[in-house]
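Student: In order, the protein sequence lines correspond to chains A and B.
Taking this note's numbering, I'd label the letters of the first sequence as residues 1 to 112.
Taking this note's numbering, I'd label the letters of the second sequence as residues 1 to 115.
For the record, the hints were derived by calculation from the structure and aren't laboratory data.
Each residue gets a CB set at the ideal place from its N, CA and C atoms; glycine is no exception.
Among the hints, erroneous ones may be present.
As the list claims (entries may be wrong) - Here are the simulated distance ranges between beta carbons:
no.: 1; chain 1: A; residue 1: Ser-53; chain 2: B; residue 2: Gln-108; range: 31 to 39 Å
no.: 2; chain 1: A; residue 1: Leu-39; chain 2: B; residue 2: Glu-20; range: 40 to 48 Å
no.: 3; chain 1: A; residue 1: Leu-51; chain 2: B; residue 2: Glu-44; range: 21 to 29 Å
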Amino acid sequence: DAKTTQPNSMESNEEEPVHLPCNHSTISGTDYIHWYRQLPSQGPEYVIHGLTSNVNNRMASLAIAEDRKSSTLILHRATLRDAAVYYCILRGLIQGAQKLVFGQGTRLTINP
Amino acid sequence: GAGVSQTPSNKVTEKGKYVELRCDPISGHTALYWYRQSLGQGPEFLIYFQGTGAADDSGLPNDRFFAVRPEGSVSTLKIQRTERGDSAVYLCASSPGLHTGTEAFFGQGTRLTVV
Chain A
1 DAKTTQPNSM ESNEEEPVHL PCNHSTISGT DYIHWYRQLP SQGPEYVIHG LTSNVNNRMA
61 SLAIAEDRKS STLILHRATL RDAAVYYCIL RGLIQGAQKL VFGQGTRLTI NP
Chain B
1 GAGVSQTPSN KVTEKGKYVE LRCDPISGHT ALYWYRQSLG QGPEFLIYFQ GTGAADDSGL
61 PNDRFFAVRP EGSVSTLKIQ RTERGDSAVY LCASSPGLHT GTEAFFGQGT RLTVV
């Protein structure tokens with residue numbers, strides 16, 4: 001399973017942008033980059049995913065490096081409700097690589 | 001209901017007993033996943049189904065764990081001879097298919113406590 005590396009924790013202030021980094025140097029050409037987050041006492045929740053181009057949705061933006069060896073999840077204006085553990089996951093095309101393999105994630109704390 | 005439903009939400013059982021955990025996926029979703037999560041850890045993959053068949057069961061820790069999905073919808077995770085180390089939150093997720101661009105929707109989980 002392709003691996004990702006994320007900082008264990010990050011802290012930011014309410015209403016400020018947050019940039020959550022993820023390294024995935026062993027990514028293959030057919031791996032999608034997925035981000036999920038998990039709020040306390042809840043199941044993981046999909047945030048965004050991409051392959052090569054940067055992506056935007058109502059929750060966040062995903063910036064993917066040109067060589068695809070790293071990506072950054074951007075929360076444009078953090079709120080207290082964004083405090084969660086954020087997981088960066090590679091998900092492949094081939095049989096057996098399609099499951100989501102979670103690492104330890106980044107615990108994001110938002111200060112009021 | 002619109003989301004993935006897991007029952008029970010909490011289960012306390014004695015060591016050595018048999019338990020069944022149920023997952024109702026979103027209607028029409030062909031892919032179904034089971035994970036377990038210990039305190040402070042990320043979810044650990046157990047098994048996933050495409051339709052009725054287990055496409056990948058490589059995460060099941062031993063032969064005490066078994067999962068079925070007989071009609072391609074509801075799934076049951078079965079644990080025999082439970083041990084205290086089986087205590088965790090068991091999460092189920094479903095997605096429309098196995099295309100890697102599709103998102104997975106998770107339930108709230110079943111908290112299993114083995115005493």
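Student: Against this structure, judge whether each hint is valid.
Tutor: Consistency of the hints with the structure:
The given range of 31 to 39 Å is respected by A:Ser-53 and B:Gln-108, whose C-beta atoms sit roughly 33 Å from each other. Separated by about 27 Å at the C-beta atoms, A:Leu-39 and B:Glu-20 break the suggested range of 40 to 48 Å. Checked against the given bound of 21 to 29 Å, the beta carbons of A:Leu-51 and B:Glu-44, roughly 26 Å apart, stay inside it.
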